[in-house]
Every structure is written in C-alpha cells, then in structure tokens.
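Chemist: Listed below are the residues making up each chain.
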Amino acid sequence: MTETADPHFLRPLSAPKADAGKAINFGADKPLKLDCGRTLSPFSIAYMTYGTLNQAKSNAVLICHALTGDQFVASEHPVTGKPGWWNMMVGPARPIDTNRFFVICANVIGGCMGTTGPASTDPATGKAFGLNFPLVTVRDMVRAQAMLLDALGIEKLLAVTGGSMGGMQVLQWAASYPERVRAAVPIACAARHSAQNIAFHEVGRQAIMADPDWKGGEYQLHNTRPSKGLAVARMAAHITYLSEAALQRKFGRNLQNRDALSFQFAPDFQIESYLHHQGMSFVDRFDANSYLYITRAMDYFDLAEDYAGQLADAFRDSPARFCIISFTSDWLFPPAENKRIAHALNAVAAKVSFVGIKTDKGHDSFLLDEPEMFDTVKGFLNAVALAEGVA
Amino acid sequence: MNDATHLAAGAHLRADLAAIAEMIPEGARVLDVGCGDGALLEHLVRTKNVDGRGVELSQQNVNACVARGLAVVQGDADADLAEYPSQVFDFVILSQTIQATEKPAQVLAQLLRIGRQTAISLPNFGHWRVRLSLLWQGRMPRTKALDYHWYDTPNIHLCTLADFVDLAHAQGAVIDRALALNQGGVAGEMRPDALSPNLFAQGAIFLLRKN
Numbered sequence: 001m002t003e004t005a006d007p008h009f010l011r012p013l014s015a016p017k018a019d020a021g022k023a024i025n026f027g028a029d030k031p032l033k034l035d036c037g038r039t040l041s042p043f044s045i046a047y048m049t050y051g052t053l054n055q056a057k058s059n060a061v062l063i064c065h066a067l068t069g070d071q072f073v074a075s076e077h078p079v080t081g082k083p084g085w086w087n088m089m090v091g092p093a094r095p096i097d098t099n100r101f102f103v104i105c106a107n108v109i110g111g112c113m114g115t116t117g118p119a120s121t122d123p124a125t126g127k128a129f130g131l132n133f134p135l136v137t138v139r140d141m142v143r144a145q146a147m148l149l150d151a152l153g154i155e156k157l158l159a160v161t162g163g164s165m166g167g168m169q170v171l172q173w174a175a176s177y178p179e180r181v182r183a184a185v186p187i188a189c190a191a192r193h194s195a196q197n198i199a200f201h202e203v204g205r206q207a208i209m210a211d212p213d214w215k216g217g218e219y220q221l222h223n224t225r226p227s228k229g230l231a232v233a234r235m236a237a238h239i240t241y242l243s244e245a246a247l248q249r250k251f252g253r254n255l256q257n258r259d260a261l262s263f264q265f266a267p268d269f270q271i272e273s274y275l276h277h278q279g280m281s282f283v284d285r286f287d288a289n290s291y292l293y294i295t296r297a298m299d300y301f302d303l304a305e306d307y308a309g310q311l312a313d314a315f316r317d318s319p320a321r322f323c324i325i326s327f328t329s330d331w332l333f334p335p336a337e338n339k340r341i342a343h344a345l346n347a348v349a350a351k352v353s354f355v356g357i358k359t360d361k362g363h364d365s366f367l368l369d370e371p372e373m374f375d376t377v378k379g380f381l382n383a384v385a386l387a388e389g390v391a
Numbered sequence: 001m002n003d004a005t006h007l008a009a010g011a012h013l014r015a016d017l018a019a020i021a022e023m024i025p026e027g028a029r030v031l032d033v034g035c036g037d038g039a040l041l042e043h044l045v046r047t048k049n050v051d052g053r054g055v056e057l058s059q060q061n062v063n064a065c066v067a068r069g070l071a072v073v074q075g076d077a078d079a080d081l082a083e084y085p086s087q088v089f090d091f092v093i094l095s096q097t098i099q100a101t102e103k104p105a106q107v108l109a110q111l112l113r114i115g116r117q118t119a120i121s122l123p124n125f126g127h128w129r130v131r132l133s134l135l136w137q138g139r140m141p142r143t144k145a146l147d148y149h150w151y152d153t154p155n156i157h158l159c160t161l162a163d164f165v166d167l168a169h170a171q172g173a174v175i176d177r178a179l180a181l182n183q184g185g186v187a188g189e190m191r192p193d194a195l196s197p198n199l200f201a202q203g204a205i206f207l208l209r210k211n
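Top line first, the protein sequences correspond to chains S and A. For the first sequence, the numbering used here assigns the number 1 to the initial residue and increments by one for each residue that follows. For the second sequence, the numbering used here assigns the number 1 to the initial residue and increments by one for each residue that follows.
Just to be clear, a hint being listed does not mean it is correct.
[Stated by the list, open to error] List time: in silico EDC-like cross-link candidates among lysine to aspartate or glutamate, alpha-carbon distance up to 20 Å:
hint	chain 1	residue 1	chain 2	residue 2
1	S	Lys156	S	Asp97
2	S	Lys351	A	Glu42
3	S	Lys378	A	Asp78
4	S	Lys351	A	Glu26
5	S	Lys30	S	Asp97
6	S	Lys351	A	Asp80
7	A	Lys210	A	Asp163
8	S	Lys351	A	Asp163
9	S	Lys358	A	Asp76
10	S	Lys351	A	Asp51
11	S	Lys33	A	Glu42
12	A	Lys144	A	Asp176
13	S	Lys358	A	Asp80
14	S	Lys17	A	Asp176
[What the hints assert, rightly or not] Going by beta-carbon spacing under 10 Å, a handful of chain S positions derived as facing chain A:
hint	residue
15	Ala210
16	Gln278
17	Phe282
18	Tyr300
19	Ala304
20	Tyr307
21	Arg321
22	Ile324
[Said to hold, decoys possible] To spell it out: a stretch of chain S is covered by chain A in this simulated footprint if at least three of its residues, at any positions, have a beta carbon under 8 Å from a beta carbon of chain A; those stretches are:
hint	stretch
23	160-174
24	351-361
25	382-391
No wet-lab data here; the hints were simulated from the structure. Quantities reported herein were computed from a predicted structural model and do not represent experimental measurements. Beta carbons: idealized from backbone N, C-alpha and C, even for Gly.
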C-alpha cells in the first residue's frame with residue numbers, strides 16, 4: 001500500500017494550481033473483493049480531505065459523491081477549474097464545518113477522477129480496462145471507502161453523508177459497517193433504484209453505446225471518444241434532476257438569441273441550448289464507460305434485497321442516528337421513497353429524523369442553495385458532535 | 001398538528017404537557033405525535049432519561065427538534081402512524097392535536113395499537129362558555145384556545161369531553177386517569193363519566209390503554 005501525492009487524471013488540468021488531492025494504491029496484499037465475484041487488484045482510490053483529524057480521531061465526516069460527482073467537494077476542481085460541488089455545504093463555518101470536522105471525500109470505484117475505473121490501465125493487458133472492468137456495486141464502492149479509512153487509520157466516522165447515489169452509499173455504510181457510523185445523513189435518495197430510474201439510465205447507456213465512437217467500449221484504443229452519446233445521456237439525465245416547475249420558471253418557452261422561431265432544428269429554445277451546454281461541458285470531464293458502470297451500480301442497488309426483502313433488517317444492528325432529507329419536487333427520488341427508509345428505521349427503533357424540504361428545484365436541490373437543508377444538516381451535526389463529545 | 005395548536009413552549013412547559021410529563025415513568029420509550037418544537041421530548045430526555053421519538057408536521061419545528069438532538073419524523077398523525085410497529089412504545093402522547101386530524105377514530109386506534117399507554121390532551125367544546133356562546137350569539141364559538149372562524153379553523157373535529165369518552169370506549173380503550181384542565185393548568189382529577197367537567201373544564205388529559 002503506497003500513498004501518492006498526485007492522482008492520475010485522464011483529462012488535462014485547466015486549474016493546475018488547484019489541490020489535486022491524494023491517492024492510495026492498494027497492492028496485491030489488499031485486493032478489493034467485488035459483489036460480482038471478481039477481485040480488483042491492484043487498485044487506487046483518489047481522495048480529498050479538508051480540515052484536521054483530531055487527536056481522538058473522532059471528528060471524521062465522510063462525504064459520498066453522486067453519479068457524476070467526484071472528490072472535489074469543497075475546493076477548486078483541477079480539471080474544470082470550477083468551485084467544489086458542495087461548496088455551500090462544506091467549508092469553514094459551513095454546515096459541515098471544516099474548522100471542526102475532518103472531511104474526507106473519495107472518488108468511487110469505477111469512477112474517472114483518479115480512482116481505478118474502466119478507463120484505468122488493466123495491469124494484465126497494459127491497455128485500458130474498457131468493458132473488461134468488473135461490474136461494481138454501491139456496496140463495492142463502500143467497501144473500497146472502508147479500506148481507505150483503514151489506510152487513514154480512521155476506525156469510526158462521526159458522520160457519513162451524501163446526496164442521490166451518495167445517499168445510497170450512506171445507507172450501505174450504515175448497513176455494512178454499523179459499528180463504524182455514529183450518524184448518517186442520506187439526502188435525496190432511496191433504498192432501491194426504481195423501475196423509472198433504471199429506465200432513464202438505460203436510455204443514457206444506449207445513447208453512449210449507439211455512438212459509433214464508442215467502439216464496443218474500446219474507444220481509448222481507437223483514440224476516439226463517444227462524446228455525442230455521452231452528451232445525450234447527460235442531457236436526458238439532467239432533465240430528471242430538475243422539475244417541471246423549475247424548468248418553466250427558468251426557461252419557459254423563451255427563445256435563445258433570436259426573436260422568432262427559425263423553422264429549423266438548430267436550438268430555438270433556451271432550454272435546448274441549456275441542455276446542449278450541460279451535455280457538452282460534461283463530456284470534457286467524464287468518461288463514457290465510467291458512466292455506464294456507475295449507472296449500472298445504481299440500478300443494482302436494492303438494500304432490502306440483501307436482507308430477504310426486509311429493509312428494516314438492514315438497519316437492525318445500527319446504533320447510528322439518522323437524519324433523512326428529501327425534497328418535495330424531487331421526482332427521481334421522491335419524498336415517499338426517502339420516507340420509506342425512515343419507516344424501516346422506525347421499525348427497528350433506530351434514532352431517525354426525517355425532513356421533506358419544500359422546494360420546486362427537483363432532485364438537484366441537494367446541490368443548490370437550500371437554506372432549510374443547511375439548517376437541518378448544521379443542527380443535526382452539531383447535536384451529534386455534542387453527544388459524541390466532539391468540540 | 002398545525003403550529004397554532006402548539007403554543008410557544010419555552011423554558012417552561014405548557015401546563016398540559018407538564019402534567020403529561022409527570023405521568024411518564026423513567027426510561028420509558030416515548031412517541032410524541034405532534035411534538036412541536038420538541039420542548040416536551042427534550043424535557044423528558046433530560047429529566048426522565050426517556051428514549052424519545054417525535055412526529056411533527058411543520059418543517060421548521062422538525063429542524064428545531066433535530067437541532068436539539070431529537071429523533072423526529074416530519075409527517076402527520078393521519079398518514080404516518082400506520083407505519084409504526086405495534087406496542088413498541090411504552091408511552092404515546094397526542095397533545096391538543098386530535099381535533100385537527102382528519103380521522104380521529106383511526107388516529108386513536110393507531111395510538112392505542114402503537115403504545116402500551118396513551119396520553120391525549122384535548123380542548124373541551126362542551127365548556128359552558130362555548131355552549132352559551134352558541135346559544136346567545138347563534139354563531140360558531142371562538143375561544144381563547146381555539147381562536148378561529150369556522151371557515152379557517154384547522155380544528156376540523158372538535159368534540160366535548162363526553163364525546164371523546166364515548167369514542168375511547170368504542171375503540172375498546174380503558175381510561176386509567178382523567179385530569180381536568182382550565183386556563184391555569186391542571187384543575188384536578190376527574191371522573192371520565194362525570195357530567196360537571198364536561199361543563200366546567202376547558203380541556204382534559206386522558207390516560208388510556210387498550211383493553
């Protein structure tokens with residue numbers, strides 16, 4: 001096991017001065033056993049930390065990122081140069097206060113920001129894994145994070161939090177490592193991926209695979225990139241992150257840089273050029289095969305399945321305090337799905353709080369300026385820290 | 001479970017809540033339905049070391065509870081009680097809320113199912129002032145505790161103490177204790193079937209259990 005100061009990124013850096021974080025390389029002695037039955041070894045996990053681990057090692061907060069997120073939660077992204085994706089939530093004097101807590105965020109296994117994924121080099125062939133990369137699950141992601149914490153010498157987490165797929169990881173953490181989690185804050189997530197969500201993911205995957213530049217997943221060997229397919233996948237997915245009301249409010253039927261309809265297929269409407277922009281900026285920073293793998297991991301997520309269909313049993317051993325946060329206009333992970341988790345936790349007498357924050361901004365609300373969410377997280381973490389004797 | 005039914009609970013507990021708090025044994029598992037900002041639950045956690053949970057409709061109140069370190073689910077009595085397992089709580093509390101529920105009979109049945117003991121406090125629409133108000137003015141009564149017009153009140157199922165006792169019996173509940181409430185707080189023990197509290201008490205607390 002070795003630690004390197006600079007994780008290997010696939011894309012050129014537009015902010016070379018930004019903190020690129022670290023990576024830990026797990027050698028043959030530390031293989032990652034995967035749910036699919038295969039083993040990943042060697043492998044690397046790229047991660048960022050913020051704040052300082054206290055002497056008692058009791059102030060560690062793990063943040064789990066969403067499908068297209070990464071470890072740059074609260075600092076400039078070295079590839080895009082953009083601010084951290086949860087800047088408003090994490091930082092000095094923010095709800096997850098880095099003056100007080102030691103924040104860790106790692107790129108998930110299968111990702112493309114320095115952690116081993118399908119774009120990484122397969123040591124067996126010397127070429128990119130492509131579709132030879134094993135299928136990974138949310139539980140595999142969490143297993144890899146647990147190995148990272150072991151390597152960092154952190155036995156217990158004060159809290160683990162994240163939104164969307166990050167929330168799935170939070171639930172998996174509480175189920176897989178109940179003794180290591182004192183508090184869990186799953187946001188805008190579900191204990192299983194719904195048929196509708198699988199359907200949207202399949203549209204995205206088919207768009208990628210239909211791109212001739214995908215080349216059966218071996219585009220790196222052919223020096224091509226399925227940018228069009230990946231952009232369409234992102235466009236379709238992005239719609240699911242918003243809400244009808246928010247789209248109407250933001251764009252309506254407004255025209256883009258024109259006074260009248262063009263009677264052509266170039267983008268007439270603002271919403272069209274907005275989606276195009278979302279798609280194009282995404283392909284600059286994300287790997288198409290990673291998108292296939294990570295969406296598949298989400299599709300496979302059904303926490304109750306591992307416990308004979310009884311979601312409550314997943315949390316039977318958990319001594320953690322839970323705070324589940326959902327958003328009223330989130331139709332991808334609706335409040336009812338979030339509340340189902342609260343009910344399961346209630347059934348096993350776990351300490352659970354649930355809030356449904358009123359907003360029209362849809363699933364993406366967890367990434368946006370939602371003062372009620374910040375208040376909830378801040379109040380909850382403060383109460384947890386006091387109860388656990390963290391100054 | 002609207003905000004208005006939860007009078008401000010500061011350092012001092014509202015009189016009916018203080019009376020309920022006294023009924024709760026040390027270390028009990030407690031569910032407070034309509035727990036407001038969590039004043040009662042926090043008091044119980046601190047003074048009686050209870051294992052407390054809450055249900056509350058208002059997001060603002062839930063946040064206040066969460067910040068106090070309480071475990072509170074945003075929801076309402078009508079929709080959420082069905083999700084709780086049977087007889088898991090030693091004590092279930094519903095204070096000044098049953099009159100605002102959509103289906104009071106079902107809510108009461110759920111409370112009796114979930115808790116081994118249930119404390120319910122409610123306003124008395126059989127109080128003589130209310131009766132006189134309707135008699136003399138010929139309009140739906142407005143009281144200090146329930147200061148709403150008929151068309152904007154969240155209290156959609158008002159009852160008298162006698163009405164509530166009938167419902168409790170119909171649900172197969174045993175009334176172990178009943179305390180009459182007036183403006184100053186607890187007026188004293190009452191017999192659930194006595195006629196005079198239904199005329200003179202402004203409210204009551206009933207301690208119930210499933211027969």
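Chemist: Each of the hints needs a verdict: does it hold here or not?
Modeler: Verification of the hints:
For the given pair, S:Lys156 sits about 18 Å from S:Asp97 by alpha-carbon distance, which is consistent with the 20 Å threshold. With a C-alpha separation of about 14 Å, the suggested pairing of S:Lys351 with A:Glu42 holds against the 20 Å cut-off. Of the pairs offered as hints, the one joining S:Lys378 and A:Asp78 is violated, with about 30 Å between alpha carbons and a cut-off of 20 Å exceeded. Among the hinted pairs, S:Lys351 with A:Glu26 is consistent with the structure: their alpha-carbon atoms are about 19 Å apart, no more than 20 Å.
Between the alpha carbons of S:Lys30 and S:Asp97 the distance comes to roughly 33 Å, so the proposed pair goes past 20 Å and is violated. Taking the CA atoms of S:Lys351 and A:Asp80, the gap is about 16 Å. The hint holds against a cut of 20 Å. Between A:Lys210 and A:Asp163, the direct Cα distance comes to roughly 18 Å. Compliance with the 20 Å bound is thereby established for this hinted pair. Restraint check for S:Lys351 and A:Asp163: the C-alpha separation of about 36 Å exceeds 20 Å, so the hint is violated.
Between the alpha carbons of S:Lys358 and A:Asp76 the distance comes to roughly 16 Å, so the proposed pair stays at or under 20 Å and holds. Distance check on the hinted pair: S:Lys351 and A:Asp51 sit about 9 Å apart at the alpha-carbon level, within 20 Å; holds. The suggested pairing of S:Lys33 with A:Glu42 is violated, with an alpha-carbon distance near 45 Å, which exceeds 20 Å. Using a Cα cut-off of 20 Å, the hinted pair A:Lys144 and A:Asp176 is violated, with the two alpha carbons roughly 29 Å apart.
Taking the CA atoms of S:Lys358 and A:Asp80, the gap is about 18 Å. The hint holds against a cut of 20 Å. Pair hint S:Lys17 plus A:Asp176 does not hold up; C-alpha atoms about 72 Å apart against a cutoff of 20 Å. The closest approach between the C-beta of S:Ala210 and any C-beta of chain A is roughly 43 Å, which is over the 10 Å cut-off, so the hint fails. The restraint placing S:Gln278 at the interface with chain A is violated, with a minimum CB-CB distance near 30 Å, outside the 10 Å limit.
With 10 Å as the threshold, the beta carbon of S:Phe282 stays out of range of chain A, its nearest partner Cβ sitting at about 33 Å, so the hint is violated. Violation of the interface hint for S:Tyr300 is found here, the shortest Cβ-Cβ separation to chain A being roughly 27 Å, above the 10 Å cut-off. With a cut of 10 Å, the hint placing S:Ala304 at the interface with chain A is violated, because the nearest CB-to-CB distance is about 15 Å. The criterion of a C-beta within 10 Å of any C-beta in chain A is not met by S:Tyr307, whose closest approach is roughly 16 Å, and the hint is violated.
Of the supplied interface hints, the one on S:Arg321 holds, with its beta-carbon coming within about 7 Å of a beta-carbon of chain A, less than 10 Å. Because the smallest distance between the Cβ of S:Ile324 and any Cβ of chain A comes to about 9 Å, under 10 Å, the interface hint for this residue holds. Interface restraint, the stretch 160-174 of chain S with chain A: violated (0 residues with C-beta to C-beta distance below 8 Å; minimum three). Three residues within the 8 Å Cβ limit are the bar, and the stretch 351-361 of chain S against chain A gives 8, so the coverage statement holds.
By the rule of at least three residues with a Cβ nearer than 8 Å to a Cβ of chain A, the coverage given for the stretch 382-391 of chain S holds, with 5 such residues.
Hints 3, 5, 8, 11, 12, 14, 15, 16, 17, 18, 19, 20, 23, counting from the list given before, are not met by this structure.
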